[in-house]
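Using the sequences and the hints, build the whole thing.
Those protein sequences? They're chains A, B, C and D, same order as listed.
Numbering-wise, our numbering puts 71 at position 71 of the first sequence, and it's gapless, one number per residue.
One rule links them: number in our numbering = place in the second sequence (from 1) + 1000.
One rule links them: number in our numbering = place in the third sequence (from 1) + 2000.
One rule links them: number in our numbering = place in the fourth sequence (from 1) + 3000.
Hints may contain errors.
What the hints assert, rightly or not - As a list, the in silico SDA-like pairs of lysine to any residue whose alpha-carbon atoms are at most 20 Å apart:
id	chain 1	residue 1	chain 2	residue 2
1	A	K117	B	Y1609
2	C	K2366	B	E1107
3	B	K1367	B	A1275
4	B	K1108	C	A2439
5	A	K117	D	T3054
As the list claims (entries may be wrong) - A few chain B residues facing chain C, derived, Cβ under 8 Å:
id	residue
6	L1110
7	L1145
8	F1168
9	D1560
10	F1589
Bear in mind the hints are in silico, worked out from the structure with no lab data behind them.
Beta carbons: idealized from backbone N, C-alpha and C, even for Gly.
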Amino acid sequence: MSGQLLAFWALSFVILSGALYIVMTKNIMHAVFMHLLTMSMIAAVYGLLHADFMAAMQVLIYAGAVTAMVVFALMLTKSQSRPDGAGIAVDNQQRGASFLTAAGFLAVVIYVLVPQKWAVHEAAPVVKSDVAAMGAIIFKSYILPFEVISVILLAALIGVIVLARKED
Amino acid sequence: MAQYAWVIAVMPVLAFLIILFTLRRIKEKAAYVAIAATGAGLLLSLGVLATVWGGRIFTYQTTWLTAGKLTLKIGMYIDPLAAVMLVVVTTVSLLVQIYSIGYMKGEKRLSWYYAAVSLFTASMLSLVIANNFLQLYISWELVGLCSYLLIGFWYEKKSASSAAMKAFIITRIGDVGFFLGLALLFVNTHTFDFSAVRQIVAAGSLGAGTLTAIALLFFAGAAGKSAQFPLHVWLPDAMEGPTPVSALIHAATMVAAGVYLVARSFFIFEAAHPAALQVVAGIGAFTAILAAVIAVTMTDIKKVLAYSTISQLGFMMAALGVGGYTAAIFHLTTHAFFKALLFLGAGSVIHGAGTQNIYEMGGLLKKMKVTGWTFLIATLSIAGIVPLSGFWSKDEILTEAAKSGNYIILGVLLVTAFLTAFYMFRLYFVVFTGPVRDEHAHESPAVMTYPLLILAVPAALLGLAGSPLLGNWFTKFIALPGAEHIAAAPDYLMMGLSTAAALAGIGFSYVLYGRRAVTAWSVVNSLSSFSWLNTTFVDKTIRDGLRVTLGISNGLARFDTRFVDGIVNGVGGVIGTFSRYFSRANSGFIQRYAMRFVIAFMLLAVAVYFVLVR
Amino acid sequence: MSFPILTAIVFFPLIGALVTLFYKPEQVRLIKWTALLASIVPLALSIIVIVGFHPGGGVQFAERVLWSKTIGASYYLGIDGLSLPMVFLSALLSVIAVIASWNISVKTKGYFALLLLLEVGMLGVFVALDYILFYIFWELVLLPMYFLIGIWGGKRREYAALKFFLYTLAGSVIMLLAILAVYFNGGAKTFDILALAAKGIPLGLQHIVFWGFFLGFAVKVPIFPFHTWLPDAHVEAPTAISVLLAGVLLKMGTYGFIRVILTTTPDALKEYAWIMATLAVISIIYGALNAMIQKDLKRMIAYSSISHMGYVVLGIASGTVIGTNGAIMQMFSHGLITALLFLLVGFIYERTHTRNISELGGLLNKTPVLAGILCFASFASLGLPGLSGFIAEFLVLVGAYSSLPWFAVIASGGVVITAGYLLWMLQRVVMGALPDKYADLLDATPREMLALVPLVVLVLVVGLYPESVLGFINHSVVALVKVVG
Amino acid sequence: MVPLQYYIIMSAILFTIGIYGVLARRNAILVLLSVEIMFNAVNINFMAFSAYITPATMVGQIYTIFAVASGAAEIGIGLAIILLIYRGRETVNVDEVNMLKW
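See the structure below:
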């Protein structure tokens, strides 16, 4: 039992239980904070995979930006579920069916994916991630997708402004 | 002269058109237009008759239509038969039109009346000069139309419009037979032309079975038009029309068209199986006696004459059936005149007395001299008293029947002759003799009585032309080309028998109605049970048939909307139900869509995995 | 290439329709006059075509522009003795429909634009000689018809319009399948109707595509048991649309029978003639019996149309030259007569606001001209000699008699029933006493006479001198009929 | 040394939890959060593959960058739409909004 494995188990436990809490809790605020936690733990998993840059990105974007946005959204809308979690249902009527569906999905995925023989590289997973090399790859091989994604982000930005703007 | 015979038929057409297009303005003057056209036609007809005097035959034709190998022509075939018919039709038509000036005076649709009569005259003339069966059929239908229009002249009356409809539809039932006969003829000979058909039939290339079928189908048409049993029921109802129309169409001309058709196609009947002619003779004789019996029981003056007409037409058919072609035509001619005279006389009586029920009349001879005496002449003529027209033609028929050896027919015809004399004189005695019942009765104006006087001449004397004592001139003139004519010696036995029958009828009638020695009703009542065949059976059958037809169409209409359309709507409904059911899936709740998406993805993944990867 | 007169005939109404779109909806008079002009021009041009037509000359005035070489489709118009009367009839009835629609006051602009669009489709069907073009025009007819019934119709207009649309669409889809089957399996990769007919297609294929075409056309004719859309559509459609529906649209089906089935699948036709004839005879008798009992005048005439179109199908099924001539004559003549009847019913309805036979009566007293023409039309319809209906039925029955004698015998029984229901209708509608509420009816106006008189004259002319139409038809029929001869 | 399968299974479970959340939560914001969880499950997968299979070319990492970028755009737009709906309907409950009907 290496330290890596131990770390993996621990992180997995936190991530999965955090995700479960998000989809189970009746208090939305709690869910959002648990989301923050979960996202941070995922960033730790990235670190475990030697992708330090991505881990940083994960913390910045998901744990930071997205969570902040969601909190703002929560503030702007009035949720029917009260802070104490009592009262109006937070789940819809197809909860049981959803559970079955999700379980079925999991079974299918595991049944299909687990027996696969993956062509694991000899060097894995010890190669240190190199931000400089990554930048070179993005701006050489993937320059067009990169530009496209920036346009998409710009479009989303404008779209959000247009959508969320109060009509005069 | 004969090549202009078509002008005779065209002139009434012109009169018809002139009147039709000036319908509102022309009013009474319409009569003069129509009379002028028919009068000119009469003169021309006489000219045509003179032209064919020597037995010559003229034919003219022009193409009417072409369809594939079928070329139809219209044209004229002027032989003595056609020439005689031309004269008969124009004469009667002219006199009827003159007469109508008085009879129809004050009628608000007078101009329309003359238009229709003109159209009828034109169609009837076209019928008699036709050189082919198709043209004959076309004219045949057109006279039927005019008959419909004129019976329904007083269309405000339901009985009139119903009678018109009945006449048209019942004759049309016969016409379907005629039409099928035409089709059968055409399919076998590829022509409608009289002469061409005659040659083909003479060549013997057609089987007797085919010819018999054609002949019987033609006879079906003739039976419809000439009111032979069981298609006779329309004619008494047709008396709903104005009386002059009854005289022209339903006594003298149109109803004779059936006889004319059988006469025209007589060569087909002769070439066919003998059964064909036997059917003609049998139905003719049966119609003759049936109608005569019914005539005895009638109390409406026009109905008596109507049944008398049916009976006389049966006489003619019977004559044709026993091979008496010339006798039938002869009787047709004489009958046209004396029956027209009877009808016009009856019209005059109705005009003067204001009723049609004979028992509301009486002693009218004193009030209506001209009408009474001319009516007497016609009555004697139809009863068959020497030397009036009816005697000679009826005698001719009886002689032919005797010659054919068909003694049943002969017997029936003799009884009919007796009955004819009986019911005609019954009519005469009741109407014109005895006590005066209506003081207001008056003689008709001159415009009505002069036609009576003129018609009385041929009604009395025309028969002499065919008298065997005077050499059977008419018979020779009219005889079929090629058929060698046996110069008939006067058959005094037959003359004696027919005169005896007539005198017996008159005497019996005198006892019952002239002297009123016996209560008439008992006799009549006993006879009226005979007419069950007519009123109860045939008419009822037709009414039942009609009801059944209506029932069927009612059922079919229901079948159509419920079943046939039901299937159509059902298919639509089933599809609609399905789509409504499936459209409920589109609830609009996005999470349901998402779940379906996930499930579908799973299934797809499993399927792909098993099919492709494994 | 000379002046493309057929294209001009077909597409001139389209120009008219487009022009009306530029008017304001209030410019009603301008819209009407434009529509009238746009429909008169094709009529005038079709008369020019008739004058220039050589009866023995086969397909004439042909215009052919290659459309797609790879699939073998072309813009191919042409006219022969079969289509000539139909083109004339469509053009004439369109003009009359415009005149009869003069009183349309609701959404006038859309109405006349759709009417003209409908005319494009009708004319196009009769001159198209390429299957794709034929199909396009065939479908083009449906759409304006759907809206014309569905918007300007009577009470149950939506139901009727939808039924009409779906029913005939189902038919034409089947026809499309047949067209594609002929195209892919006929041996020649072409959509040319005439070329495919001339080349002939394999016997096995004939037996299959026959049914495709048959069903497609039978719905349109309509033959029993595919007829139930017709009474509903007629009852709901406005007068002028009924005129076009009965006068022209039904003929598209029988036109297809002759143009396609008779020439392309003659052997299959010969084999299945008895089925066609059976359905035709059933249509004749069944339609007539149904007409007898109807209470609504329009419904009665609709059923009588089913009955009369049965004669057309019988004539075609006979496979004889005479029968086919008769069938085309009947198409033409029935187009005139039914148009006349529907116009009259429409005019009477405008006055009395009822089409219920039992509520009418005695019209001869007050409106002698209208009632007189109704009598005339009824007599023409029941096949009175001297009027156009007779000669058509006569030729059909003689033709049928020579190849299918018993069918002809039964069919001729329909003549009596036809006489029965028409005369009965006349007795109840024009004869008898006039109900008091109609005491102030007015007789035909000049505008109405303008619509009626041309039809009356044509019925008479064709009836008295059938050669005037048959002269054009006959040569083409001889060329078309390959079956029995 | 963590086997690749562990990562795959872990991300699969995480993804499944996300699915459950998307299907079962009423609140639109929670649904969005669940979508985020699914996104991250995918990203973990990418990262793991990148580290184990293509460590040199870093294809998986680059995919993750793009996925994060589009995920950010998505959540922005999603929240904007939720705000819009909330303004119109006074609710953010998904099962009370059924405008996506035929």
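Cross-check of the supplied hints:
1. This hinted pair checks out: K117 of chain A and Y1609 of chain B have alpha carbons roughly 15 Å apart, not beyond 20 Å.
2. With a C-alpha separation of about 17 Å, the suggested pair K2366 of chain C and E1107 of chain B falls inside the 20 Å cut-off, and the hint holds.
3. Taking the CA atoms of K1367 of chain B and A1275 of chain B, the gap is near 52 Å; set against the 20 Å cutoff, the hint is violated.
4. A threshold of 20 Å between alpha carbons decides the hint, and for K1108 of chain B with A2439 of chain C the separation of about 18 Å falls inside it, so the pair holds.
5. Restraint check: the Cα-Cα separation between K117 of chain A and T3054 of chain D comes to about 15 Å, which is no more than 20 Å; the hinted pair holds.
6. This hint is violated: L1110 of chain B has a C-beta 14 Å from the nearest C-beta of chain C, more than the 8 Å allowed.
7. With a least beta-carbon distance of about 6 Å to chain C, the hint placing L1145 of chain B at the interface is held under the 8 Å criterion.
8. Using the Cβ-Cβ criterion of 8 Å, the hint placing F1168 of chain B at the interface with chain C is satisfied: the shortest such distance is roughly 6 Å.
9. With its C-beta approaching chain C no nearer than about 6 Å, D1560 of chain B sits inside the 8 Å limit, and its interface hint holds.
10. Because the beta carbon of F1589 of chain B sits about 30 Å from the nearest beta carbon in chain C, more than 8 Å, this interface hint is broken.
Of the hints listed earlier, those the structure fails to meet are numbers 3, 6, 10, in rising order.
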